[in-house]
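Visitor: Chains as they are written, first to last, in our numbering: chain A, 1 to 181; chain B, 182 to 362; chain C, 363 to 593.
Hints in this document: simulated from the structure, not taken from any laboratory. Everything numeric in this text was worked out from a predicted model, so none of it was measured. Yeah, the Cβ is synthetic: ideal placement off N, Cα and C, and Gly gets one too. Just so you know, not all the hints are guaranteed correct.
Here are the simulated DSSO-like pairs of lysine-lysine, each with C-alpha atoms no more than 27 angstroms apart in a straight line [what the hints assert, rightly or not]: (1) Lys-20(A) / Lys-205(B); (2) Lys-353(B) / Lys-77(A); (3) Lys-184(B) / Lys-205(B).
Cβ-Cβ distance ranges computed for the label pairs, FRET-style [stated by the list, open to error]: (4) Asp-549(C) / Ser-314(B): 48 to 58 angstroms; (5) Asp-78(A) / Leu-252(B): 25 to 35 angstroms; (6) Leu-575(C) / Pro-159(A): 31 to 41 angstroms; (7) Thr-154(A) / Ser-314(B): 15 to 25 angstroms; (8) Arg-316(B) / Asp-410(C): 45 to 55 angstroms; (9) Thr-154(A) / Ala-204(B): 51 to 61 angstroms; (10) Glu-381(C) / Ile-46(A): 34 to 44 angstroms; (11) Pro-104(A) / Leu-575(C): 34 to 44 angstroms; (12) Ala-347(B) / Ala-578(C): 52 to 62 angstroms.
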Amino acid sequence: MLKAKIEAILFASGKPVSLKSLAKVLVVKADELEAAIVEIKKEKNIDDSGIQLIDHDGSLQLVTNPAFGELIGSLVKDEFAGELTRPQLETLSIICYRGPVTKPEIEQIRGVNCSLIIRNLLIRGLVEEKEDSVRLQPVYIATPDFVRHLSVHTLADLPEYEHFHADERIAKLIETATTPD
Amino acid sequence: MLKAKIEAILFASGKPVSLKSLAKVLVVKADELEAAIVEIKKEKNIDDSGIQLIDHDGSLQLVTNPAFGELIGSLVKDEFAGELTRPQLETLSIICYRGPVTKPEIEQIRGVNCSLIIRNLLIRGLVEEKEDSVRLQPVYIATPDFVRHLSVHTLADLPEYEHFHADERIAKLIETATTPD
Amino acid sequence: MSFQVALDQFAGPMQLLLELIEKEDLDITKVSLAKVTEDYLGYVNTHDVPSHELADFLVVAARLIYIKSRAILPLDPEEEEEADALAAQLKLYRQFVDATVHIDSLIRSPQTAYDRPRSFVPSSTKFRPPDNVTAETLGASFSDLVKRLEPFFALQQTSLQRVVSVQERIKQIHQVLIDRARMTFSDITKGSASRIDVVVSFLALLELMKQGLIKAVQMSAFEEIELRRID
Chain A
1 MLKAKIEAIL FASGKPVSLK SLAKVLVVKA DELEAAIVEI KKEKNIDDSG
51 IQLIDHDGSL QLVTNPAFGE LIGSLVKDEF AGELTRPQLE TLSIICYRGP
101 VTKPEIEQIR GVNCSLIIRN LLIRGLVEEK EDSVRLQPVY IATPDFVRHL
151 SVHTLADLPE YEHFHADERI AKLIETATTP D
Chain B
182 MLKAKIEAIL FASGKPVSLK SLAKVLVVKA DELEAAIVEI KKEKNIDDSG
232 IQLIDHDGSL QLVTNPAFGE LIGSLVKDEF AGELTRPQLE TLSIICYRGP
282 VTKPEIEQIR GVNCSLIIRN LLIRGLVEEK EDSVRLQPVY IATPDFVRHL
332 SVHTLADLPE YEHFHADERI AKLIETATTP D
Chain C
363 MSFQVALDQF AGPMQLLLEL IEKEDLDITK VSLAKVTEDY LGYVNTHDVP
413 SHELADFLVV AARLIYIKSR AILPLDPEEE EEADALAAQL KLYRQFVDAT
463 VHIDSLIRSP QTAYDRPRSF VPSSTKFRPP DNVTAETLGA SFSDLVKRLE
513 PFFALQQTSL QRVVSVQERI KQIHQVLIDR ARMTFSDITK GSASRIDVVV
563 SFLALLELMK QGLIKAVQMS AFEEIELRRI D
């Protein structure tokens, strides 16, 4: 029944729901919740399901199967279409692969000041800002809407994700490369 | 695959869809469609499914399992009642001090996408939407109900209204909303 | 239906550097950086880099000129580091070009997941006032917002003070030399508002020398650079 309840809540909200609030509303322990979610993913994240589950930033959301993108796109309006500039695309890619990532880290990779580009991505709802309790400065991650647009079930499904996200050498380069004042 | 496509269409449209238009969009015959729908009902219209399919007056719609009505109801109440979050309060203050103001203008000031927040404020009856003949897009203002709730005769009685309402730097920032970079 | 990416522009100085190095079939090393310095300066000189990005291009230009100037002299370890740092940064950037390709192809693909319109939105808008909002909290919230925007207002102000472009500066210096026949580098940079401005002047000088319009003479290192008109 837990599985059905989770499904009902996600369906009714139509937006990402955090694992935390799910656990609270359903009065279940984290591991029970986890197990049910694994089951739901197994059932839904297959070619033959019209509805699938996205898992991003500690939140879950039900979406349509990306394979039917063209079919659905012809029926409903997509608010997120539009033009991206090269600098925006570059910044967005860094945030998807390295997020949560700070502004200085992004600037280290791109070699340019990124304040205005990040602001623009924030306004367009493609990335969002979070406070990071360890780094004590804002960090940036992709929004659920953008993850949905990428048609992956979670960012870890991006091509070569492990390589870019966790690579120690990249981490070190970001840290040690001198900032162009 | 037909089953999955029907499911995806019903999910994304969020309202009843007639059998006629389904058959047209999917380019299938009525009896094929019927057969697929019978299958979907068998799968979904059981106690252990969070989402169910209802069939009314020649139209189909996905809904939550009515058994979870109370659970869902408690979530709804939370979202549209109670205290405002800090981002909601900030957006509301912009609409009160700078209204009538468009969504892109609010987003320029806050530096983040505000679609969901504005929607929430609208549903709670705190702000309303008007057509603006000059800007040719909807503008937002506080509702009379909300102004009364604030115990002021007019918004101009808000603290530092003159100062904030006329702030030149904000006016300049707003200007950039009409000229995308 | 999906995003479009405008391809006809540079994403930034790193992309430009990378393309120059790859065009020459070079590895990313400090030697290569020194080699492509002229091409890089040439690009910045002849293209209309947007004013808000020009500063970033010029910072990299300054680093390249520095590396190039040191390439002919024995380096002390500290200076070696500066050259290595730029090479390392470029290698890092190179890696993320692949990440960008992945994201680009995903957003171009017709595959897209759609979410569901909010279903439990109450059908009628009913007035549901919040408990925590008064005229005072609204005022405080707006006032906090204005405070938070202060740095942004300052940033806007500076980007409005458009950096004098290299082309404009070339014209200025050339004009002055038509009138005066000779002058010093500090005459030109005296009025500079920032270091970027000095770099712009320096780039303009290099260009004027290349065009054979002026001659620069420096008696010894760190001495004043004297500029003469070639008649």
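Visitor: Each of the hints needs a verdict: does it hold here or not?
Guide: These are the hints, each one checked on the structure:
With a C-alpha separation of about 42 angstroms, the suggested pair Lys-20(A) and Lys-205(B) falls outside the 27 angstroms cut-off, and the hint is violated. Taking the CA atoms of Lys-353(B) and Lys-77(A), the gap is about 32 angstroms. The hint is violated against a cut of 27 angstroms. For the given pair, Lys-184(B) sits about 15 angstroms from Lys-205(B) by alpha-carbon distance, which is consistent with the 27 angstroms threshold. Here the CB-CB span from Asp-549(C) to Ser-314(B) is close to 57 angstroms, well matched to the stated 48 to 58 angstroms.
About 31 angstroms separates the C-beta atoms of Asp-78(A) and Leu-252(B), a value consistent with the hinted range of 25 to 35 angstroms. Range check, Leu-575(C) to Pro-159(A): about 51 angstroms between beta-carbon atoms, so the 31 to 41 angstroms window is missed. Restraint check, Thr-154(A) to Ser-314(B): a C-beta distance of roughly 46 angstroms breaks the suggested window 15 to 25 angstroms. A hinted range of 45 to 55 angstroms for the beta carbons of Arg-316(B) and Asp-410(C) is inconsistent with their spacing of about 32 angstroms.
Remark: the range hint 51 to 61 angstroms for Thr-154(A) to Ala-204(B) is contradicted by a beta-carbon distance near 35 angstroms. Between Glu-381(C) and Ile-46(A) the CB atoms are about 42 angstroms apart, so this pair conforms to the stated range of 34 to 44 angstroms. Restraint check, Pro-104(A) to Leu-575(C): a C-beta distance of roughly 41 angstroms satisfies the suggested window 34 to 44 angstroms. With their beta carbons about 53 angstroms apart, Ala-347(B) and Ala-578(C) fall inside the hinted range of 52 to 62 angstroms.
Taken one by one, the earlier hints fail for this structure at numbers 1, 2, 6, 7, 8, 9, listed in ascending order.
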